[in-house]
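Protein chains in written order, with the numbering used here: chain D, 57 to 268; chain H, 57 to 268.
Just so you know, not all the hints are guaranteed correct.
For chains that are exact copies, the list does not tell them apart, and a pair is met inside one copy or across any two.
[Claimed, not checked] With a Cα cut of at most 30 Å, we get these calculated DSS-like pairs of lysine-lysine:
#1 Lys190 / Lys66
#2 Lys238 / Lys142
#3 Lys68 / Lys134
#4 Lys142 / Lys66
#5 Lys66 / Lys130
Hint data in this document are derived by calculation from the structure and do not stem from the laboratory.
Protein chains: 2
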Amino acid sequence: MMPGPRAQQKEKTRQAIIQAALAHLSADHSFSSMSLREVAREAGIAPTSFYRHFDDMEALGLTLVDESGITLRKLMRKARSRIELKGSVIQTSVDTFMEFVERNPNIFRLLLRERTGISPAFRDAVAREIQHFKEELTDYLAQESNYTKEQAFTLAEGLVTLVFNAGAEALDLAPSEREALKDRTTMQLRYLTFGAKLIHSDGQKNANAKAS
Amino acid sequence: MMPGPRAQQKEKTRQAIIQAALAHLSADHSFSSMSLREVAREAGIAPTSFYRHFDDMEALGLTLVDESGITLRKLMRKARSRIELKGSVIQTSVDTFMEFVERNPNIFRLLLRERTGISPAFRDAVAREIQHFKEELTDYLAQESNYTKEQAFTLAEGLVTLVFNAGAEALDLAPSEREALKDRTTMQLRYLTFGAKLIHSDGQKNANAKAS
DNA sequence: CAATCCAGCGTACAGCTGTACACTTAACCG
DNA sequence: CGGTTAAGTGTACAGCTGTACGCTGGATTG
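Generate the whole structure from the sequences, applying the supplied hints.
Below, the structure is given as structure tokens:
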């Protein structure tokens, strides 16, 4: 059941639309401020042809978020293999994530913006992607040490939040300032992991401690 | 030099515009998706009258961010006095911040969205507000313990990031899930502070440690 | 082959936008 | 008092938006 020329052409146009949308993302042009006509223009098709591929802009946006998710998963895999080589979990994770942000600023901006955007569908989609991050890291942590699942998740959530946020801040920074940011982030992750390790080292005794 | 009726009326209209804009903010209506005519309609004035008060929507937006900043400062002060009463820094901070988010979801949404938005002026304005947060907490930490200024800032940044982010997630959560989020956030802050304390307890020896 | 399908096009329209411009009218000030 | 200032109005217009509709021409299918 090889796809005929008709289906091939359709797929090609679909990709043109997706690429046009991604290409138009930038610091001062968000997906939500992007019009259907604009995307069509960039993709080289008539505005009404857009509907042959997506119901509306929201449908296109969800596709973009999904594709970004795939790109991020690839990144995760690369990071894991790097860890196996170098051994330094924290440093490697921060470096890899920052490298992604620097290389795909617009994809990262998309996730960043739609995470708090107007469309519930978008917010959910991005939240799901980040949830994957947290869960994968939770599994990793639970496997490497003897945290309960809950403890591991709490720690993973904190780590992901800090790294993701550092990525967001890196976007507006000069390269020199980025290094300082990376160093601070690395140190914060170390605080977190070290603190968690010590607090939970004597069994669950302190797990629900109420002291400040 | 008491303001005459003319100036009073002008100020009243100005406030009407500001309130109209704030009132229109919601989960599915952001400031950037808000039109000048919409605000004018809501404020009960002609579209062109808007210009008597603000150059454009961006100018209004910056005013909103500033006002939100003032509201947040008030909150900080309240939090500090609560700490003096109750003593538990982390628990009190989380509670106070979450209370703010629950009571002013739209103001918080404004900051959250414009932080990563299209307008550089907006991004800078919000970044400045958050920077204030970080700096005030840095001073507090440096004063209460013997961190270097750098260490205190790194820790403060981590704490602020985690709390701010928890607020963002709380927006879309049911009250029951919010409690769980609060608990996790509290625990994360504890990891951070505890980890920092221990890593820096033996002087600066580990300050630049590179181990993972 | 002929019949059907369907990606892409062009036209058209209503509805929205920001804002230029000329005006009224009440407060201000010498 | 009389002249000036300025907040607010209404009209107007060009430019953008999404999308309904009918068409064309090549690929697909029986």
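Tested hints:
Taking the closest pair of Cα atoms, Lys190 and Lys66 never come within 30 Å of each other, the shortest separation being 36 Å inside a single copy and 51 Å across copies. For the identical chains of this complex, Lys238 and Lys142 are intra-copy neighbours only, at 18 Å inside a copy versus 35 Å across copies, given an alpha-carbon limit of 30 Å. Only within a single protomer do Lys68 and Lys134 lie at most 30 Å apart by alpha-carbon distance; the minimum there is 29 Å, versus 58 Å between protomers. Taking identical chains as interchangeable, the C-alpha atoms of Lys142 and Lys66 are never at most 30 Å apart, the minima being 44 Å within one chain and 65 Å between chains.
In this assembly of identical chains, Lys66 and Lys130 lie within 30 Å of each other by CA distance solely inside one copy; the values are 26 Å within and 57 Å between copies.
Checked against the numbered hints listed earlier, the structure breaks hints 1 and 4; every other hint is satisfied.
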